[in-house]
Structure formats: structure tokens, C-alpha cells
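**Q** In case you want the letters, here they are:
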Amino acid sequence: MKKIQSAITLGLMCVLLSFAIVWQINTINAASEIVGVERTENKLKDQVLEWKDKYDALYASLEKTDKELEKAREEITKDDSSAKAMEEELKKNNILLGLTEVSGSGIIVSLNDNQSISTDMLGGYDSISRYLIHDEDLRIVVNELKNAGAEAISINNQRIVNSTTITCDGNVVLINGEKVGAPFEIKAIGFPELMTGALMRPGGYIDILNNDGIETNVESKDSITIPKYSGILDAKTIKSSK
Amino acid sequence: MPKKGMMVVVQKGKITMTITIGLVCFVLVYIMFIQFRVIEKTDIAEIEDLREAELTEKLADWKTKCEELEKQIKEKEEKIDEYKKSAETNEEASELLEKELKQSRMLLGVTKVTGDGIIITLEDNEEHEITATLLIELINELKLAGADAISINGERVVNVTDIVEITSGDIIMNSGKNINSPFEIKVIGDQTYLDSALNVKNSGFADKYSKIGYKIKIEKVKDLEIPKYNGKMELKYIK
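Protein chains in written order, with my numbering: chain A, 2 to 243; chain B, 926 to 1164.
Since the hints were derived computationally from the structure, they do not count as laboratory data. Don't take each hint at face value.
[As the list claims (entries may be wrong)] Sample of chain B residues lacking proximity to chain A, with all beta carbon distances greater than 12 Å (derived):
id, residue
1, ASP1006
2, GLN1028
3, ASN1078
4, GLN1116
5, TYR1134
6, LYS1164
[Claimed, not checked] For lysine to any residue, the following SDA-like pairs were computed, each having C-alpha atoms within a straight-line distance of at most 25 Å:
id, chain 1, residue 1, chain 2, residue 2
7, B, LYS990, A, PHE192
8, B, LYS999, A, TYR230
9, B, LYS1024, B, SER1011
10, A, LYS79, B, GLU1007
Glycine included, each C-beta is placed from N, C-alpha and C at the ideal position.
If we strip away everything but chain B, and leave its shape as in the complex, we get (with noise of 0.2 Å):
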């Protein structure tokens, strides 16, 4: 019969452990869900960050531009002040029309300029043809680099520039100026920056194409001079 009460007695503890185990398991299962949860909402976290800092570039993006248009709305008030106020003599308003149509002119490319740039040497090889997709490519990096004026073997670069490929190695721009190799390209802007970026490891374009073969020269030079553009500018679609 004690053999009977013994066996009770470790079925008992049997039951007792693995109803203690289970209920850990369950517990221990219900804790694992959490934790699942506790990565989920770091990630999110993470989104959430980003966004942020997102958000602030916006913001100052915003500042910028509203800075940026209360200077061109103080500009224009005070054009319009000095308009009114030479409404009495004549001499002194065309001397104001004056002034505005010449820097517009400035900036639409139709009058010879000067100042302080640079001037790339741009030649074909053996290996490389210098196309007008490349040509294209440099000016649209100079630009941001922030030129003022270009020209490629003395054509001046304006608004409606083209530059296309008649066929291999014959290009012509500005509705058909023929420009071919060697390409001497004039630019004025902040010589520094211009020539840095150009030269911008693997992605400025100087580094980019000499690397691969191009013959690429870049020289800093004072008080350069761009011609105008001597081609038509037409409105005939614009009404």
C-alpha cells in the first residue's frame, strides 16, 4: 500500500510541474508578443525621426523663399516709387527705363559681358568624341555651379540655346552655328566654385570623364570677355 501513496504523491508532483511549466510557457509567450511589438514601434520611431528632420528641411525651404520674395516685392516697390516720383520730369524716367532694360538685356545674353571666370579646353581623341549630350551635361553643371555667362567657341549660351548632332562629330548650336572639336568653353562666375566643382571626385565632371580617357583642361582667367548672342529671339506663339 505505501507503494500506492508514493506513486500519488509523484503523480501529484507531476501535475503540479507541468501545470507551473505551462503556465511559464504561456507567460513566457505572451512576453515574446510584446517584445514583437516593442520592434515594430522602433522602426516606427526610427520613420518618425526621419520625418522630423524632413520636416525642418521644409520649414527653412519655406523661410528661404518667403525671404526671397519679400526682397523682389521690395525691389519692385521701390522701382515704382522712383517711377512715380519722376512722373515730372521726363529725362529722369527714361533714365530709369534705361537702367532696367539694360541689365534685362544683360541677363537675356543679348549684350557683350565680362568678368572673372574660367575656360575649359574640351578635345576628342582617339577613344572619345566629345557629343552634344556632353556638351549639354557641362553647361547644366556649370550653371549650378552658379555661371553667368558661357559661351563654346564663341556662340554665347542663352535661354533657347540647342546643341545638337547633325551626325557623328558635327555639331552645330543656337540654330545652326557649326561647333567642332577642339571646344574652348568661356565662363564667368565665382572662379573658385566653378573649378572646384568641376573637379568634385567621381561626380564633378572634369574628374568623371578624364578618368575615363577625356581630355579635359581647366584654366582660371581674369577679366574675360563672352560675346552677345547674335542669333533672333522670337515671340511668334506667345500671345
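Just chain A, same shape as in the assembly (with noise of 0.2 Å):
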């Protein structure tokens, strides 16, 4: 009886042994693949970090090829006063389009998710969801600042320009098509008191925020500089009319 029991228990053993054996060599197939994943990787970053210069690059040269368009504009028009107002026109145009970099007075308003709050503490009906900034709330801020007359909105650096949308995508959101995420850096040239009373008074976005634990902050400034709209503007299913 004893000799039959150590039999099995030495054949399972075998049995498991053979098991993890074949387990292992599944390992080594595993690891040589992870190093080969790793090179396609770093490649793949390497041509990223490439492309980026480039885009640095042509990002300088369209600068400096703007000042020239300008340039060329003044030139031509500097004797010729129904010219020179057409020019300066345009110039303006541009600005509001949010083709250009602008500075001056205004707010920075920086929003982040609350931060002292994690699904454990959690009620029943409760979701994670409404301690989070949403596209919507960016959207509703945006619409604030413009009824109280700012006159060019960035947020985290993407200029909010006439086919700007701000959307959902997943954990982030995306403004004009560019991946960004709390915190937000939402800033707006204008007139600092009426922009901040605006966000600020009682019963306001901000304070509606903040019932949801959002933190948030908002900062006059003397000088702000807003970048410039980095995509191109297009409407070509449009035709003026007279």
C-alpha cells in the first residue's frame, strides 16, 4: 500500500514538473519577444522625437514667413491710403481670427480635478464622474468669458478660435483636436474685474464647481500673452454673398 501511494504521489509530482517545464520555455519565448517589442519601441520613439523637430522647425520658419506676408502687405500699401486701410484691416481681422499671438490684461483661471476624493469614499449613488471637469465645463467656463467680453480665450494653450470644439475622449479632452487634461490653464485677455465677477459671483460657475469639490483658482494679470490658432481655417462649403 505504501509502495502504490508513493507511486502516485511521485508521478503527480513528475506530472506538475513537466507542466512548469514546458511553462518555462514559455517564458524564454516571452522575453526574447519583450526585447524585440522594446526595439520596434525605441525606434518608433526616436522617429516621434524626429518629427517633432520638424514640426519645431517649419512651426519657426511659417512665423518668420508671416512677418514677411506682413511685410510685403505694408510695403505695398505705405503710399496708398484706401490700400493702407484694406492692410490694417486685415491685420485686425487676423487677430480676431486668432491667427496671431496677443497680449494684455486678463485672468488666468486654472481648474482641477478634486483631488480628495477616490471611488472608496464613494456612496452608493455617488459616481467618481461629477468630481471630474468635464468638456461640458470647459465649454459653459468658455461661454462665461465671452459674455463678459473677452477678447481671446486659451485653454492650456490651445486658442479658442470660431471652429474650436471641445470634446470628450475617454479620460481626456480634446480642444481643436489636440489631447488635453486637468489641471486646465484657462486664460482670457479682457477686462479682469468684470471677467472675474462674471465666474465669481454667487450662485456662478465657479461656485457650482466648487460644490463638487473642483478646485479652483482665479488670478487678474496686467500683462497675459495667448498663443496663436495653430491649425489652418478653412470654410470651404461657404461663398459670400451679396
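Since each chain comes alone in its own frame, lean on the hints to assemble the complex.
**A** So, in C-alpha cells, the structure goes:
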């Protein structure tokens, strides 16, 4: 009886052992795969960096071209008063369209998700969602700022232009098609007291955000700089009519 | 005595057995450890795969952006050349300027525009009132679907447009123009694209809100006309 028992024990051990060995072989395979993945990944990283550098260089050259174009317009209109007026309107339009970097007095609104809440602190009907900043919150703040006369607005350096959309994409927000995430820094050029008053009034939107523990801060500045829109403004489906 | 000898043999066998089993157990435990590492590394491999996909996406992103910039630079360089060429004849120069100015006015929304598009009708009912926030959400979605011009009840939507609720059901836009239900939203853009974007199941504006009782009508219209923005666009604080 004892012999049979030990034979069974040993047999079982052997089976387990072979099983484990097969697994071990798999480890080796997986390990070599990881090395392969890492290699392609490093290559990709290098390429991404290369293209980013190329983008920066192109952006610098675009700015140079912009200045040259402006100079060419000025040059041609300097002796012609009606052309001069057109050139000035064009300049103003480009500012209004968000195609130039601008600076002036304004405010900086900082918003961050509620940092003191975690999923295990939530009650049955509560959801983490209300403690986070959503695309809708940003749209409402932008609308309030426009209502208070903001002349230029950016969120995390994305300039708000006529074609701008603010949408949700999983855990991040897409502005002008670019991924941005909390904390959000909203810059607005305009009359600081008016914009601050609109946001901070009792029952105003900052109040509403504070109720959910969203971290907010509104700061007035004598001078802030807002970057230009880096995309292309296009309108292929419309025509001007008289 | 033979009994004692048997005992020794049996004991020896037991010791060998114990050592064998002990060794096997040891090896087994060691292999189990390796096994744990397999599982860990497999997880890592999955994450690395994800990263690779993300990097590929990023790379494509930068390439598109570079192409866009190259296009912009080329367009602007052509304009510079045209200006330089027309330096002798003033007439041509102002023609060029006028062309640029026209385009910028159209983009700004200060000219009346025409094109094919859609008309959306939104109406309050007993259960649901159209709010300013809802209109802002709709405009956002229309822009995402490539709308080139939008108006609500004859008021053009431009970059400085604000839409706020004074009291419930009393909405103003463009700093003081009253707009009330029923809302007629005119949109110029790709008709098919606009229509399908609004009707995406569960997330498109029309599908999402008509399911919970809002009255929404969408109509495709040819040669739609959208009025110009009539308000002021001032630059008082931008230096």
C-alpha cells in the first residue's frame, strides 16, 4: 500500500514538473518577444522625436513667413491710403480670428479635479464623474468669459477660435483636436474685474464647481500672452453673397 | 535479529523517499516562481504593445501636422511672391489685398454666406425646455461635424458669440439678442456628414435627446443663406 501511495505521489510530482517546465520554455519565448517590442518601440520613439523637431522647425519658418507677408503688404500699401485701410482691417481680422499671438490684461483661471476624493469614498448613488472636470464645464466657462467680453481665450495653450470644438475623449479632453488634461489653465484677455465677477458671483459657475470640490483659482494679471491658433481656418462649403 | 535488519532497510527507504520528495518540492517551488514571472512579463508585453500602437498614432499625428504647416508656408510664400511681383502696379496690389480681406471677413462671419446645409428645428415642450447649455452643446457638435456657418433664429454664431439664460426660458445671444423657442438653427456644411453626426446612436445630439422626449427636426436644404454677424468686434484689451 505504501509503495503504491508513494508511486502515485511521485507520478503526480512528475506531471506537475513537466507542466512547469513547459511554462518555463514559454517564459523564454515571451522574454525574447519583449526585447523585440522594446527595439521597435525605441525606434518609434526616435522617429516621433525627429518629426516633433521637424514640426518645431516648420513652425518657426511659418512665423518667419507670416512676418514677411505682413511686411510685403505694408510695403505695397505705404503710399496708398485706401490700400492702407484694407491692410489695417486685415491685420485686425487676423487678430480676431486668432491667427496671431496676442497679449493684454486679463485673468488666468486654474481648474483641477477634486483631489481629496477616491472611488472607495463614494456612496451608493454617487459617481466619481461629478468630481472631475468635463468638456461641458470647459465649454460653459468659455461661454461665461465670452459673455463678460473676453477678446482672446486659450485652454492649456489651445487658442479658442471659431472652429474650436471641446469634446470628451475617454479620460482626456480634445480641444482643436489636441489632447489636453487636468489641471486646466484657462487664459482670457479682457477687462479682469468684469470676467472675474462673472465667474465668481454667488451661484456662478466657479461656485458650482467648488460644490463638487473642483479646485479653482482665478487670478487677475496686468499682462498675459495667448498663443495663436496653429491649425488652418478653412471654409470650403460657404460662399460670400451680397 | 533479522527483524532489526528489516527495520534498518525500511528506515533507509523512508529517508531516501523523504529526501526525494523534499527535493522535488523544492524544484517545484522554484519553477512556480519562474511561472509567476512569466505571468508578470506577459502583462508587461501587453502594455508594451499598447505603447507601440500609441507611438505609431503619435507619429502619424506629427506627420499630418507637418504637412499642414508645409501647406500653410507654401500658400503664404506664394502670396508674398504675388505682392512682390505687383509692386510696380498698384492696382494689382490692392486687388490681391482685397482678395485676402474678403476671405478673412468671410471666416470672421461679417458677411452673408450661402451654401448647402441643414436646418434643425428645436422646440420646448411640457417636459423639456431648451437651455443655453444645450444650444452650446449642439453648436459644439455641429462644428465637430465640419459646419462652416451657423445661425440661431437669424443670429450668426461667431467666435465672440455667447449664449446665456437670463431666466428659465429666456435666452439671449451675441450680447443681448433675444432668442426663444422654437429655435431654427441653420447650418452650412457637408449635408450627409452633418446629418449622420447628429444621428449617431446614443451620442449624436438628435438621437440622444429625441430618445428622452425632445422635439428635434432635421431638414436638408440646398442654397441656404446665413446672415452676417451684426454686432461689434472690438479690440480694447489686446495690445
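**Q** Now tell me if each hint is right for this structure.
**A** Okay, the hints, checked on the actual structure:
1. ASP1006: The claim is violated: ASP1006/B sits with its nearest Cβ about 9 Å from chain A, within 12 Å.
2. GLN1028: violated (9 Å)
3. ASN1078: Fine: 18 Å to the nearest Cβ keeps ASN1078/B off the interface.
4. GLN1116: violated (9 Å)
5. TYR1134: Holds: least Cβ distance 14 Å, greater than 12 Å.
6. LYS1164: violated (5 Å)
7. LYS990/B - PHE192/A: violated (34 Å)
8. LYS999/B - TYR230/A: Distance of about 18 Å is within 25 Å: holds.
9. LYS1024/B - SER1011/B: holds (14 Å)
10. LYS79/A - GLU1007/B: The given pair, whose Cα atoms are some 17 Å apart, holds under the 25 Å limit.
When each numbered hint is compared with the structure, violations occur for hints 1, 2, 4, 6, 7.
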